[in-house]
Structure formats: C-alpha cells, structure tokens
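Q: Here's the letter readout for the chains.
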Amino acid sequence: MFLIFALITLVGALMTFSMRNLVMAGLSLVLCFIGVAGLFLLLANPVAAALQMVVYSGAIVVLVLFVIMLLASHEEEEPKRSRPIQRWGSVAAIIALGPGAVLLVKSSPFLASSQVAPPMEVMTLHRLGGLLFKEHLVAFEIAGLLLLAAMIAAVSLVKREL
Amino acid sequence: MNPVLLHGNLQAYILVALLLFVIGLATVLLRRSLLMQFMGVELMLNAANVALLAFARFRGGEAQATAFYLFIIAVAACEAAVGLAIVVALYRHRKTTDSDRADTLRQ
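In order, the protein sequence lines correspond to chains A and B.
If you want my numbering, it's the 1-based position in the first sequence plus 11.
If you want my numbering, it's the 1-based position in the second sequence plus 51.
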C-alpha cells in the first residue's frame, strides 16, 4: 500500500512538473494530492487525509484551475530571451541537492533505527478538537482572522477600484 | 512482500517527502509560468506536511502535529488566495503570466 501511494504521489508530482498544458498540470496536481492523502491514511491519520482532500485537492487546485481558465494562458509563453546561467544553475542545484539529500537520509542512523513502529493510536476529530480548543485556542482564532485578512486582500488586489 | 514496501518506515516516508520537495523546487526554478511556479510551491508545502506527520506517527501518533498541520493548511489557503490575486493583477497590468517578462517594477 505504501508503495502504491508513494508512486501515485511522485508520478503526479513529476507529471505536474513536465506537462506543457497548464490545465493538465493542475489535474496531475490533484493526483499527487490524492496520493499524499493516502500516505496520511497509512500514517493512521484519517483527519489529515480528509483535510488534505477537502482543502488541497478541493479548494486550492480548483482555485488554480479557475485562474488558469480565466486568464486564458493555457500554455507557457515562448521565452523572450534565453537565460542560460539561471537555467543551468538551477539544473545543477537540483542535481546536487536531490541525490545529496537522499544520501543523507539513507545514511542517517536515527531514521534507520526507528524502523519498528510504536503501537498504533489513530487520530480522531475528537482528539484534535479537544486539543484545538484547549491548548491552541488563541492560535485558532488568529488563523480565522488571517483567513479573513487574506480574503479582503485578494478582493482588494483584484478589484479595479474599491 | 517486504514489510517496508507494504507499510513504509520513517526513512521511506522522509524519502518520499524529500523527492516531493525536490520536484516542487525544480518546478519553481525551471518553469516560467507564474501559475506553474505556484503549483511548485504547493508541492513543497505538501512535502513538509508529509515529513511532519510521518515524524508524529513514528513518535506514537502525537495529536499536536495534526493541530500544526491544520494551521499550516490555513496559512497555505491564505497564500493561495493572495498569490493568485497577485497573478491576476499582474495579468491585468502586463498581459502576461511569465515571470521572466515581469522582471522590472517599471512599465
């Protein structure tokens, strides 16, 4: 199961990276997020899996797809001029960073030693709600305020004259 | 079948998160469309979430991590709204979503 969901996640991410058409890239992003939600289920965390499905593959990707269709920019524009230094610098950074970090994770003794999973305790909404309203009440309210501020900011940025 | 492939261990989850992060970084650095770069940022955010919840699970299923995950996606939703509004405003102004064409503050 882990292998299947990990493959769905990584294939979706790679398709997002390589698609020419922006709408197809957005749809591959949904595939990737579904894989991530599956990984969260395997981590005994159905609450996070449901949130992932609703917020990421539901709200955020739909927002991105709406903007893509609204702006009628379905394809990437042709480059005005090529920027070889930035391009090859980025490629070199990714090639150095990716395998380097993989080697680092592979050789970490702490990560390898915690192979045996401790006894399972499934995350429930009940536990999460109790925690949110007991320990993180102020942060929870601030998150609500932040969402309101972002909403007002988005409207005032897009509207021509307020 | 190998139990690691069936259930995964901490190392495997961190590896998946890492590869997801590198793919997101490649999307941000190598694609030119601002909308593609935005999707790359979302991929990197998701990689961080996978790592966070994997560590929480292998510490015995701590509930705090899920609370933090909730706050992270609240901030990510704000970032999505404001980021896409900026892209729309830029398109109105310059008729482009290419980040290379919007490299000056002046018209």
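Read the hints as simulated data drawn from the structure, not as lab findings.
Keep in mind that the hints are not guaranteed to be accurate.
[Said to hold, decoys possible] List of simulated lysine to aspartate or glutamate pairs, DMTMM-like, C-alpha gap at most 20 angstroms: (1) Lys146/B - Glu88/A; (2) Lys91/A - Glu113/B; (3) Lys146/B - Glu132/A; (4) Lys91/A - Asp151/B; (5) Lys91/A - Glu130/B; (6) Lys170/A - Glu130/B; (7) Lys145/A - Asp151/B; (8) Lys146/B - Glu152/A; (9) Lys146/B - Glu146/A.
[Claimed, not checked] Which residues of chain A face chain B? A partial, calculated answer using Cβ under 10 angstroms: (10) Leu14; (11) Pro95; (12) Ala161; (13) Met162.
[As the list claims (entries may be wrong)] To be clear about the criterion: a stretch of chain A counts as covered by chain B if any three or more of its residues have a C-beta under 8 angstroms from a C-beta of chain B, and this derived list gives those stretches: (14) 33 to 44; (15) 49 to 63; (16) 132 to 140; (17) 143 to 150.
All C-beta atoms, glycine included, are put in the ideal place defined by N, C-alpha and C.
Q: If a hint holds in the structure, say so; if it doesn't, say that too.
A: Here is what the structure says about each hint:
Pair hint Lys146/B plus Glu88/A holds up; C-alpha atoms about 11 angstroms apart against a cutoff of 20 angstroms. For the proposed pair Lys91/A and Glu113/B, the alpha carbon gap of about 51 angstroms is over 20 angstroms, so the pair is violated. A threshold of 20 angstroms between alpha carbons decides the hint, and for Lys146/B with Glu132/A the separation of about 52 angstroms lies outside it, so the pair is violated. Distance hint between Lys91/A and Asp151/B is fulfilled; the C-alpha atoms sit about 8 angstroms from each other, no more than 20 angstroms.
Between the alpha carbons of Lys91/A and Glu130/B the distance comes to roughly 29 angstroms, so the proposed pair goes past 20 angstroms and is violated. Straight-line distance between C-alpha atoms of Lys170/A and Glu130/B comes to about 18 angstroms, which keeps the hinted pair within the 20 angstroms bound. For a cut-off of 20 angstroms, the pair hint linking Lys145/A to Asp151/B is broken: about 48 angstroms separates their Cα positions. Among the hinted pairs, Lys146/B with Glu152/A is inconsistent with the structure: their alpha-carbon atoms are about 38 angstroms apart, more than 20 angstroms.
At most 20 angstroms may separate the alpha-carbon atoms for a hinted pair to count; Lys146/B and Glu146/A exceed this at roughly 47 angstroms. A hinted interface residue such as Leu14/A counts as satisfied when its beta carbon comes closer than 10 angstroms to some beta carbon of chain B; here the least separation is about 5 angstroms, so the hint holds. Look at Pro95/A: its Cβ only gets to about 13 angstroms from chain B, farther than 10 angstroms, so that hint breaks. The restraint placing Ala161/A at the interface with chain B holds, with a minimum CB-CB distance near 4 angstroms, inside the 10 angstroms limit.
The criterion of a C-beta within 10 angstroms of any C-beta in chain B is met by Met162/A, whose closest approach is roughly 6 angstroms, and the hint holds. Three residues within the 8 angstroms Cβ limit are the bar, and the region 33 to 44 of chain A against chain B gives 6, so the coverage statement holds. Figure legend: the region 49 to 63 of chain A, annotated as covered by chain B; annotation consistent (10 residues with Cβ-Cβ distances under 8 angstroms, at least 3 required). Here the region 132 to 140 of chain A counts 5 residues with a CB under 8 angstroms from a CB of chain B, which clears the bar of 3, and the coverage holds.
Against chain B, the region 143 to 150 of chain A contributes 4 residues with a C-beta closer than 8 angstroms to a partner C-beta. That satisfies the three-residue criterion, and the hint holds.
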